[in-house]
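Residue numbers (full-length UniProt numbering), protein chains in the order written: chain A, 1 to 260; chain B, 1 to 434.
Mixed in with the good hints there might be a few duds.
Unchecked claim - These stretches of chain B come out as covered by chain A in the derived footprint (C-beta under 8 Å, 3 or more residues): (1) 281 to 295; (2) 408 to 422.
What the hints assert, rightly or not - Listed next, with one range per pair, are the computed distances between beta-carbon atoms: (3) A:148 <-> B:363: 52 to 62 Å; (4) A:126 <-> B:161: 41 to 51 Å; (5) B:396 <-> A:126: 52 to 62 Å; (6) A:117 <-> B:353: 34 to 44 Å; (7) A:24 <-> B:396: 48 to 58 Å; (8) A:126 <-> B:63: 52 to 62 Å; (9) B:413 <-> A:215: 18 to 28 Å.
Derived by calculation from the structure, the hints in this document are not laboratory data.
Please read all numbers here as calculations on a predicted model, not as lab measurements.
C-beta atoms are modelled at their ideal positions from N, C-alpha and C, and glycine is treated no differently.
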Amino acid sequence: MSTKFVIEGLKSTIEGKEILKGINLEIKGGEIHAIMGPNGTGKSTLASTLMGHPKYEVTAGKVTLNDEDVLEMAVDERARAGLFLAMQYPSEIAGVTNSDFLRSAINARREEGNEISLIKFIRQMESKMKELEMNPEFAHRYLNEGFSGGEKKRNEILQMMLLEPKIVILDEIDSGLDIDALKIVANGVNAMRSEERGFLIITHYQRLLNYVKPDFVHVMMQGRIVKSGGPELAERLEAEGYDWVKEELGIVDETVGQEA
Amino acid sequence: MTTQTTLPVDTETLTALSKSKQEPAWLTESRTKALELAGQLELPKVEKTRIDRWNLQNYGSYKQSGLIKSVDELPESVRNLIQANENSNLIVQRNSSVVFTKLSEDLKGKGVIFTDLETAVREHGDLVKAHLFTAVKADENKVTALHVALWNGGVFLYVPKNVEVDVPLQAVFFNDDASATFAPHVLLIADSNSRVTYVDNYLSNGTNGELVHNGIVEVFVKSGAKVQYATVHAMSEQTTELTYRRAVLDNDANIEWIVGEMNNGNTMSDTHSLLKGNGSNSDTKVIAVGSGSQKLNYTTRANHFGKSSESQMITRAVMREEASAIINGITKIEKGATKANGEQTEKVLMLSPKARGDANPILLIDEDDVKAGHAASVGQVNVEQIYYLMSRGISREEAERLVIYGFLAPVVSEIPLELLQNQLQTLVEGKLGQ
Ligand SMILES: Nc1ncnc2c1ncn2[C@@H]1O[C@H](COP(=O)(O)OP(=O)(O)O)[C@@H](O)[C@H]1O
Ligand SMILES: [Mg+2]
Chain A
1 MSTKFVIEGL KSTIEGKEIL KGINLEIKGG EIHAIMGPNG TGKSTLASTL
51 MGHPKYEVTA GKVTLNDEDV LEMAVDERAR AGLFLAMQYP SEIAGVTNSD
101 FLRSAINARR EEGNEISLIK FIRQMESKMK ELEMNPEFAH RYLNEGFSGG
151 EKKRNEILQM MLLEPKIVIL DEIDSGLDID ALKIVANGVN AMRSEERGFL
201 IITHYQRLLN YVKPDFVHVM MQGRIVKSGG PELAERLEAE GYDWVKEELG
251 IVDETVGQEA
Chain B
1 MTTQTTLPVD TETLTALSKS KQEPAWLTES RTKALELAGQ LELPKVEKTR
51 IDRWNLQNYG SYKQSGLIKS VDELPESVRN LIQANENSNL IVQRNSSVVF
101 TKLSEDLKGK GVIFTDLETA VREHGDLVKA HLFTAVKADE NKVTALHVAL
151 WNGGVFLYVP KNVEVDVPLQ AVFFNDDASA TFAPHVLLIA DSNSRVTYVD
201 NYLSNGTNGE LVHNGIVEVF VKSGAKVQYA TVHAMSEQTT ELTYRRAVLD
251 NDANIEWIVG EMNNGNTMSD THSLLKGNGS NSDTKVIAVG SGSQKLNYTT
301 RANHFGKSSE SQMITRAVMR EEASAIINGI TKIEKGATKA NGEQTEKVLM
351 LSPKARGDAN PILLIDEDDV KAGHAASVGQ VNVEQIYYLM SRGISREEAE
401 RLVIYGFLAP VVSEIPLELL QNQLQTLVEG KLGQ
């Protein structure tokens with residue numbers, strides 16, 4: 001079955017403040033959607049709400065992945081159902097090596113007694129690390145601990161490549177990357193493009209979209225998708241900024257949840 | 001005012017027992033004097049812990065266990081802890097006495113002495129007498145006094161000058177009869193420029209009642225010698241444990257303490273290095289897991305006297321259910337210990353709302369030209385970390401397990417002996433209910 005991820009009327013709050021004010025979006029396998037928008041408009045909140053971060057409470061709406069109710073699932077179940085979120089700020093976990101973590105994540109998708117063999121795992125991990133031009137030493141480092149911003153982002157992409165999700169959400173994967181790293185990450189994403197897999201790329205720059213061509217571009221402001229279009233929309237935003245969108249829609253403050 | 005005047009034994013009984021074991025007069029006297037002290041001294045002052053409310057009556061009475069010929073006669077729980085082969089060096093104490101001793105021909109040939117302490121008193125009296133109870137003294141408090149009066153079995157390990165022992169020597173102290181006094185004393189002397197690794201395990205199981213384990217360890221590290229001392233405690237819920245471990249370091253001497261606090265009952269332990277020599281070095285690592293309604297008090301200490309002496313102390317404790325731990329680190333640098341350096345870290349991870357942890361780092365510095373530092377933290381499992389792991393498909397249980405092991409890993413991964421690492425791993429799993 002080809003992948004279908006549907007978000008309908010999704011609202012969520014953090015600490016009682018409503019941030020998402022009704023999001024509608026449908027992502028099919030093979031499609032790349034980009035969500036763009038200035039800081040503080042609710043983009044990460046959307047990503048975290050979809051993944052099930054415990055601080056966010058869904059107050060309305062529905063999310064399905066291949067007709068399965070995502071909002072009913074615990075965070076780990078969502079992941080095993082095929083959802084993947086490359087986080088804007090990945091956690092650092094001292095004492096847990098990157099490779100132990102990755103192996104646990106892979107095995108979590110497999111039946112007990114059918115765990116991936118160590119050799120096969122190492123081979124897979126090393127080949128993907130090579131593609132991402134990561135130093136092999138990172139396998140034995142503690143998870144994200146002391147990684148630079150760019151190293152953390154590559155490590156997120158490494159996880160995506162090893163876990164082969166159906167829906168990939170990339171939250172600001174391009175921030176903190178120099179142009180070479182950006183290309184490597186983009187190559188990683190492009191290598192994972194497939195008819196079975198949908199992408200939601202969150203960014204506030206057009207930069208990454210030069211390397212990963214989106215099919216749809218959405219602008220987020222005030223916790224809503226306020227404008228949608230094709231790749232040309234991203235180009236115009238890059239050239240002219242967001243002010244014209246605000247003017248067109250009569251928006252003064254595009255942020256959400258930051259009342260004085 | 002004395003809080004507890006009833007003593008577990010009277011002078012006549014203690015004297016008669018000492019005589020029946022053919023102990024030398026000096027030892028009989030040391031015991032009876034200590035018993036007298038025990039009647040006068042108070043319990044030790046233990047930071048934020050009312051040990052006077054603990055069950056400290058159950059010392060039982062001396063019970064000799066029969067010698068065994070082979071480790072096969074030991075219970076499985078003990079056999080699991082040891083690797084017995086031709087080259088192994090092992091002492092096993094059961095209840096009040098040592099039942100098995102083995103030292104390889106190779107080490108015997110090098111002049112290493114490894115025997116129970118009661119035998120050592122008879123066969124190496126001068127050496128024992130010159131050291132016994134000079135690091136931890138009877139008159140410190142009621143607990144040390146009672147130990148000096150009642151100690152039994154125990155281990156004496158002597159490594160001659162320049163001898164480097166490259167296999168670990170092991171002792172197992174186990175109790176399966178709560179009515180038997182269980183008070184082993186370990187005396188370890190590493191003579192100049194020698195090297196040795198010693199590992200011991202404490203366990204009680206199938207005990208038929210409440211038990212007090214009052215233990216003392218004294219380690220003398222002579223100039224240039226290096227001692228690695230690993231100790232793992234897994235006593236039952238019905239055992240209350242009071243332990244003093246103390247090392248005295250000469251010039252350029254080196255000790256590494258590795259302590260696994262995996263008891264199931266109330267525990268007070270105090271691991272202390274006296275850095276008397278210039279250039280001496282002490283490294284202490286403690287990992288602990290508390291469960292049930294355990295009350296725990298762990299102290300690590302380093303006292304710097306020698307110039308350029310260095311100490312590092314790390315304690316990592318995980319508390320679950322209603323366990324509570326007070327963790328003290330005390331680095332003391334005396335006047336004249338120039339260029340000394342003392343570092344300590346205490347961290348507690350609490351897994352349940354009812355678990356308690358308290359870390360008290362203390363630096364006492366009487367010299368200007370030194371370095372010292374401390375760090376302490378007490379916290380719960382980080383929800384962001386659990387979320388991150390779960391977002392990769394890892395179950396909550398497994399995510400918590402990873403975070404907890406990750407918390408202990410910096411200590412566990414430094415443990416030099418694989419057997420011990422595995423033992424600790426198993427004990428940690430058991431204590432975490434996995
Ligand atoms: N942890 C938090 N606590 C309280 N409010 C928050 C928190 N995180 C985000 N918010 C609120 O949500 C708004 C949107 O944040 P976010 O979704 O991170 O925006 P974006 O990713 O678009 O920059 C912020 O402006 C802030 O007011
Ligand atoms: Mg964001």
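The hints, checked one at a time:
| no. | hint | verdict |
| --- | --- | --- |
| 1 | 281 to 295 | violated (count 0) |
| 2 | 408 to 422 | holds (count 3) |
| 3 | A:148 <-> B:363: 52 to 62 Å | violated, 34 Å |
| 4 | A:126 <-> B:161: 41 to 51 Å | holds, 50 Å |
| 5 | B:396 <-> A:126: 52 to 62 Å | violated, 30 Å |
| 6 | A:117 <-> B:353: 34 to 44 Å | holds, 40 Å |
| 7 | A:24 <-> B:396: 48 to 58 Å | violated, 31 Å |
| 8 | A:126 <-> B:63: 52 to 62 Å | holds, 59 Å |
| 9 | B:413 <-> A:215: 18 to 28 Å | violated, 47 Å |
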